[in-house]
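Quick note, the sequences are listed as chains A and B, same order. Position one of the first sequence corresponds to residue -5 (the numbering used here), numbered consecutively onward. Position one of the second sequence corresponds to residue 3 (the numbering used here), numbered consecutively onward.
These are calculated hints, taken from the structure and not from any lab test. Accuracy of the hints is not assured; some may be wrong.
[Stated by the list, open to error] Dumping the calculated SDA-like pairs for lysine to any residue here, alpha-carbon to alpha-carbon at most 25 Å:
#1 A:Lys168 <-> B:Thr81
#2 B:Lys69 <-> A:Asn176
#3 B:Lys19 <-> A:Thr37
#4 A:Lys476 <-> B:Gln105
#5 B:Lys46 <-> A:Lys24
#6 A:Lys476 <-> B:Glu20
#7 B:Lys102 <-> A:Pro138
#8 B:Lys69 <-> A:Ile125
#9 B:Lys102 <-> A:Ala139
#10 A:Lys122 <-> B:Ser118
#11 A:Lys24 <-> A:Asn112
#12 A:Lys168 <-> B:Gln105
Model, not experiment: these values are computed from the prediction.
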Amino acid sequence: MVFTVEINNQKVAAKSGETILSILNRNGIKVPTLCHLNGFTPTGSCRMCVVEVEGMENLVTACSHPVEEWMKIYSHSPRVLKARKTLVELLLAAHPDDCLYCSRMGACELQTLSDELNITERKYRSRKPSIIIDRSCPSIERDPAKCILCERCIRICNETIGVGAIEIIGRGNKSSIGTQNNRGLNTQSCVKCGQCIMVCPTGALKEKSSYNIVLEAMNNPQFYPVIQVSPAVQASVSEDIGIKAGKDVLNLLWTALQKMGFKQVFDTSLGADLTIMELSEELVQRINNKEKFPLFTSCCPAWVNYIEQARPDLKKHLATSKTPQQMMGMMIKRFYTESENSSSKKVFSVAVMPCTAKKHEAEKSVVADCGTRDVDAVITTRELVKMIRHFGIDFSTLEPDTSEQPYGMRGSAGKLFGVSGGVSESVFRTLHCKLTGQDLSPAKVSETRGLKTRKEIRMKIGKMSIGFVSVSGLSNAIQLLKEIEFGRNNIHLVEVMACPYGCINGGGQRIGTDEKSLKSRMKALYEADEEELIKVAHKNPAILSLYEKILDKNENSLGINILHNFIA
Amino acid sequence: MEEVIDGILVKYPLNNKENLIPVLQEIQKELGYLSGDSLLFVSKHLNVPINQVYGVATFYDQFHFHKKGSFHIKVCKGTTCQVNQSLALLTEIEKKLQIKAGQTTRDGKFSIEVVSCLGACSKSPVMSINGNYHSQLSKENIHKILSSI
């Protein structure tokens, strides 16, 4: 039903059932919000979006109140503005004053609000119950002192990720976001995806930084620092450094990273190509041996964490192939830096990832090869941007490095790993060739594309009907697990990415990622695939020579071992 | 302990989080408190994340996470008692027993709880030990009462 309501003395059309906030936004009126998250259950806990409705005694929260026909709404009346200002002043009453040292400086929503509402002094003072910073988790750090209890992290953890690792503990002025008995986050069901960091309006949640470790290693003459950059980072980093997204970013980034002091720069999509080869081989073996399906992809570390922690009974379904980060890390340490003039120095391998769970993955012992860590430090996209600024790299004056990089030689299949559905698509291309002997034509599989959380492909290869499902958002994966338990048996490969829409929206990406930037990142990756000539992993010359190398070097069957995790 | 909790949980359907509070109440009635393990069992049975169970339990004053002492002291912090310095008495008790409100002494003898009102405002400040009321307290007679136990 459509009716008209009056907003700030103007008549506008409204649909029954929508909230006041949605009608205000539609008509171009900006109301500040803190706890509001698009598409999630409204809580109305921050009260920042209050508006005045004529005839109602109290101010109402626009984000949770449905619009009604008789309403006359005032979004910026003196009473409303005064209330909002007081609300922010109260939020700031117990908030630490250390904005200058805060990791969220410049991207903090509370800071912006305080500026917008012209707050110039600390009007109220109060104390929060003293809770220490939780540094137990290898990926995420929690500082409850900066928390304003908007519950966004809780909602995304419950509704999108579906693990419920944090919750409001206590009541009233003693409440805080925490865990059972204030135990560390590392003892909880947390999968370390970092989506909570992405929605946090303040600096209460941040990644565990490896920034200083990397800087120290770069300055240490004993080390030989090398870096690998993940495709999803290549798609998103341009937003922060002020250049146009596209193919040039990669070349510019190459130059920039070498200027900063990294001796060699690698593209993680080469590692992804290797993952594709191994993953499709696992599928072929399962088909030939008539083993149990489906096979779960193992390239999302948050998903692997979920299986290991919550569903160990499904471990046998999990692919054993290493993730692109670990594949690349292994290759760097074993093959690529050997030939260089690095024998006197220790290789320090850094990975730039759009992900916080990768930090944890690099620390796990089961993925380390020969007793050393394959990847020594993982930094997120945010940390990379900080580092670029730290070194004063000006991208507008850089010349793109177009010289042929021996390790940049790659197909575009691995690039697609950055977006949900991409793993399915690239594995499908290789599997098609392995089963039929012919390349898929055209290489594009349109079912796996687009900004959706669930995509399915079904194709006939010979007599077999092969089904791939790619889901993103861990709660959707949990839903799919239920379907499989209730008897759905036509799926061969389940691709899971814990973050909605895949790594382009990962927990290490720029704060304030919206749908528009997601679309442009996705477009950048698909365009890279369009332009590349080698679209399949099994035709990538670097991969082919690598397989020769592995088989050469290892008479005993270690060749396979270094490409797989064998989880006990 | 496990058998007791299992005995309670079988009465409630699986995966139904509506029953969370009744389950917790019943467990507390049986065990006297909510142990960390019992919360885990509840979380598994009702399919509610453990932190949510803990969050709900900490919201209500009725739930305890430590085993009560054999002498359970309830100190009133109602308006009248507070005006009559009941909180100063609380710190005195805490100092004497060397525990905080909500905790139990190591020997399991005493535990302290702060309650909203004991309903004896005319005799404030008031505390009750295992249901026996002690009224018009002062620092001196608190020591006397606690030492006599």
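Each hint, compared with the structure:
A hinted pair counts as satisfied when its Cα atoms are at most 25 Å apart, and Lys168 of chain A with Thr81 of chain B qualifies at roughly 20 Å. Restraint check for Lys69 of chain B and Asn176 of chain A: satisfied, since their Cα atoms lie roughly 18 Å apart, inside the 25 Å limit. Distance restraint check for Lys19 of chain B and Thr37 of chain A: the Cα-Cα separation of roughly 20 Å lies within the 25 Å cut-off, and the hinted pair is therefore satisfied. Note on Lys476 of chain A and Gln105 of chain B: the hinted pairing is violated, with a Cα-Cα distance of about 42 Å set against a maximum of 25 Å.
A C-alpha spacing of about 44 Å is found between Lys46 of chain B and Lys24 of chain A, which places the hinted pair above 25 Å, so the restraint is violated. Between Lys476 of chain A and Glu20 of chain B, the direct Cα distance comes to roughly 21 Å. Compliance with the 25 Å bound is thereby established for this hinted pair. Our distance criterion of 25 Å between C-alpha atoms is met by Lys102 of chain B and Pro138 of chain A, whose separation comes to about 23 Å. Proposed proximity of Lys69 of chain B and Ile125 of chain A is supported: the alpha carbons are some 24 Å apart, at most 25 Å.
Straight-line distance between C-alpha atoms of Lys102 of chain B and Ala139 of chain A comes to about 23 Å, which keeps the hinted pair within the 25 Å bound. Note on Lys122 of chain A and Ser118 of chain B: the hinted pairing holds, with a Cα-Cα distance of about 22 Å set against a maximum of 25 Å. Distance hint between Lys24 of chain A and Asn112 of chain A is fulfilled; the C-alpha atoms sit about 16 Å from each other, no more than 25 Å. With a C-alpha separation of about 17 Å, the suggested pair Lys168 of chain A and Gln105 of chain B falls inside the 25 Å cut-off, and the hint holds.
Hints 4 and 5, counting from the list given before, are not met by this structure.
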